[in-house]
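Fit chain A to the known structure of chain B by using the hints.
Sequences listed follow chains B and A, in order.
When we follow my numbering, the leftmost residue of the first sequence carries the number 1, and every step to the right adds one.
When we follow my numbering, the leftmost residue of the second sequence carries the number 262, and every step to the right adds one.
It is worth saying that the hints were derived from the structure and are not from the lab.
In this text the structure is predicted, and so the values were computed from the model without any measurement.
Errors might be hidden in some of the hints.
Distance condition first, Cα-Cα at most 20 Å in a straight line; then the derived EDC-like pairs of lysine to aspartate or glutamate [as the list claims (entries may be wrong)]:
(1) 152/B <-> 132/B
(2) 10/B <-> 64/B
(3) 152/B <-> 70/B
(4) 278/A <-> 70/B
(5) 138/B <-> 344/A
(6) 510/A <-> 70/B
(7) 284/A <-> 87/B
(8) 67/B <-> 512/A
(9) 131/B <-> 344/A
(10) 510/A <-> 71/B
(11) 263/A <-> 344/A
(12) 284/A <-> 64/B
What follows is a list of derived Cβ distance ranges for each label pair [what the hints assert, rightly or not]:
(13) 55/B <-> 292/A: 51 to 59 Å
(14) 10/B <-> 347/A: 24 to 32 Å
(15) 218/B <-> 286/A: 56 to 64 Å
All C-beta atoms in this analysis are idealised placements derived from N, C-alpha and C, irrespective of residue type, glycine included.
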Amino acid sequence: MIEVKNLTKKFGDFVAVDDITFSVNEGEIFAFLGPNGAGKTTTIKIFTTLLLPTNGQVLVNGFDPVKQPDDVRCSFGIIFQDQSLDDELTAFENMEFHGVLYGVPKDTRRKRIEELLKIVELWDRKDNLVKEFSGGMKRRLEIARGLLHHPKVIFLDEPTLGLDPQTRNHIWSYIIDLNKKEGITVFFTTHYMEEAERVAGRIAIIDHGKIIAQGSPQDLKNQTNTTSLEDAFLALTGKTIRDEGGTAVERQRIRNRVWRR
Amino acid sequence: MKQLVRVVYILWLRQVKRYYRSKPRMIGSLGQPVLFLVALGFGFGPIYQKAGGGNYIEFLAPGIIAMSIIFTAMFTGIEVIYDRQFGFLKETLVAPVPRWSIMLGRTLGGATVATLQGVIVFIIALFIGFRPEIAAQSLLALAFMILVAIFFTAFGTAIASRLEDMQAFPLIINFLIMPLFFLSGALFPVETVTGALHTVISFNPLSYGVDGIRGALTGQIHFGFTSDFTFLIIVTLAVLAIGTYLFSKVEV
Chain B
1 MIEVKNLTKK FGDFVAVDDI TFSVNEGEIF AFLGPNGAGK TTTIKIFTTL LLPTNGQVLV
61 NGFDPVKQPD DVRCSFGIIF QDQSLDDELT AFENMEFHGV LYGVPKDTRR KRIEELLKIV
121 ELWDRKDNLV KEFSGGMKRR LEIARGLLHH PKVIFLDEPT LGLDPQTRNH IWSYIIDLNK
181 KEGITVFFTT HYMEEAERVA GRIAIIDHGK IIAQGSPQDL KNQTNTTSLE DAFLALTGKT
241 IRDEGGTAVE RQRIRNRVWR R
Chain A
262 MKQLVRVVYI LWLRQVKRYY RSKPRMIGSL GQPVLFLVAL GFGFGPIYQK AGGGNYIEFL
322 APGIIAMSII FTAMFTGIEV IYDRQFGFLK ETLVAPVPRW SIMLGRTLGG ATVATLQGVI
382 VFIIALFIGF RPEIAAQSLL ALAFMILVAI FFTAFGTAIA SRLEDMQAFP LIINFLIMPL
442 FFLSGALFPV ETVTGALHTV ISFNPLSYGV DGIRGALTGQ IHFGFTSDFT FLIIVTLAVL
502 AIGTYLFSKV EV
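In isolation and in its complexed conformation, chain B is listed as follows (with noise of 0.2 Å):
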């Protein structure tokens, strides 16, 4: 369903990517794990047409994301990791906005967004500007949001950061029904590692833009010789704290800045 060869994507000299190759089976739930600042999201950027690659060939599902870009963007969904609703508008209105822009016909999308508003427990808020929701409920609507098309694959970027566990629990257990149901792949990051564990059937760990390990959660603790995927994370990239540094555009942003002074 992807496929990823000698992928780089570099911000001035800054490497984000660092030559990386993988692939993702169609069907599977697959993690994409790494400390902050690793290149999670710019690879991510890269699969849905947001970000051009420097150097490497991509396909989502079979399509490459430079030269084919419409066909990419018909095969994918995407929960982003940072803020993308529309404030001024209700929550139902960007629930609807959505299913418009992804071609989903009416009597369906009013069923879904209804369904979907009910899971994330937004149903009797539908009305409210979205200004007025908190992080967390904002949060619950942007995975709504994006689960409202169902796609050949989906990729969510940390997609529980700052729920509580109940609407975690839900939420995991929509989109495993959906990949089983629908057989829809999953590519998504998250810190958790418990909620990698049990969910994903392969991982990929990325650190310093280059991808350090792969295979099942079963596989990771053998080679590193422990107990838990936890563990097994820290010995493969250390205990030190990332210092993020904003993310990879940001700094763009910056060094443009400063080159045009």
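Below, chain A without anything else, positioned relative to chain B:
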């Protein structure tokens, strides 16, 4: 095809809803045109009359209507930068829809808002003493207002798609709007201007917009309806194409 119409419609609807919900924006953008209309209209009116130009308000009102449109239209572009800043741009950019439909939807939304502002200024002008001679041609004036609105919204949106800096945008837009407005025949008759200045004026899209609106409302016309219409259509299509291209290159 039906799907594309729906996409353009939903993008348009979003823009209009946001405008409708922001009352301060609606009222704030009326201040400047009204000030121009009153201060210039009543200030220069007597001199204009003495010089044999006739009623200045009559001459000025179409220009100020065009001005309110160009300001609202160009500044609509800032929504692209807001959307980039607050993340919503990503949501539209990953959608499986052609880039021209995004450009067109956004443009039509902004243009609707700008045209509405123009209509409100037109109504205010009526209260101030503007008496259009040919009321029957108001619809023709509306057509020109819509064209001006579409062109300048597309122009502002195209510029915004290349900018990431929220502070820079208003500066650049002001820098562009002022010469466009002053060198358009909105404030003075183009007939009496000669030489290089006349050449500059005749390359300014707003000149044709002002000419068309004024011609329709008061019968005073310089370039002629056909020239006005043709020129505006050509530049509008060109800027929509450029804007679509720029949108396809946006990285977030």
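Going down the list of hints, with the structure as the test:
Between residue 152/B and residue 132/B the CA atoms are separated by roughly 33 Å; this puts the pair beyond 20 Å, and the hint is violated. As the CA atoms of residue 10/B and residue 64/B are separated by approximately 19 Å, the hinted pair is consistent with the 20 Å bound. Our distance criterion of 20 Å between C-alpha atoms is met by residue 152/B and residue 70/B, whose separation comes to about 14 Å. Distance restraint check for residue 278/A and residue 70/B: the Cα-Cα separation of roughly 28 Å exceeds the 20 Å cut-off, and the hinted pair is therefore not satisfied.
Among the hinted pairs, residue 138/B with residue 344/A is consistent with the structure: their alpha-carbon atoms are about 16 Å apart, no more than 20 Å. The hinted pair formed by residue 510/A and residue 70/B meets the criterion: a straight-line CA distance of about 13 Å does not exceed 20 Å. Straight-line distance between C-alpha atoms of residue 284/A and residue 87/B comes to about 16 Å, which keeps the hinted pair within the 20 Å bound. About 15 Å separates the Cα atoms of residue 67/B and residue 512/A, which keeps this hinted pair within 20 Å; it holds.
Between residue 131/B and residue 344/A, the direct Cα distance comes to roughly 14 Å. Compliance with the 20 Å bound is thereby established for this hinted pair. For the given pair, residue 510/A sits about 17 Å from residue 71/B by alpha-carbon distance, which is consistent with the 20 Å threshold. Distance hint between residue 263/A and residue 344/A is unfulfilled; the C-alpha atoms sit about 26 Å from each other, more than 20 Å. The hinted pair formed by residue 284/A and residue 64/B fails the criterion: a straight-line CA distance of about 45 Å is larger than 20 Å.
For residue 55/B paired with residue 292/A, a C-beta distance near 53 Å keeps the hint of 51 to 59 Å intact. For residue 10/B and residue 347/A, the Cβ-Cβ distance of about 27 Å falls inside the hinted range of 24 to 32 Å, so the restraint holds. Evaluation of the 56 to 64 Å hint for residue 218/B and residue 286/A yields a pass: the beta carbon distance comes to about 57 Å.
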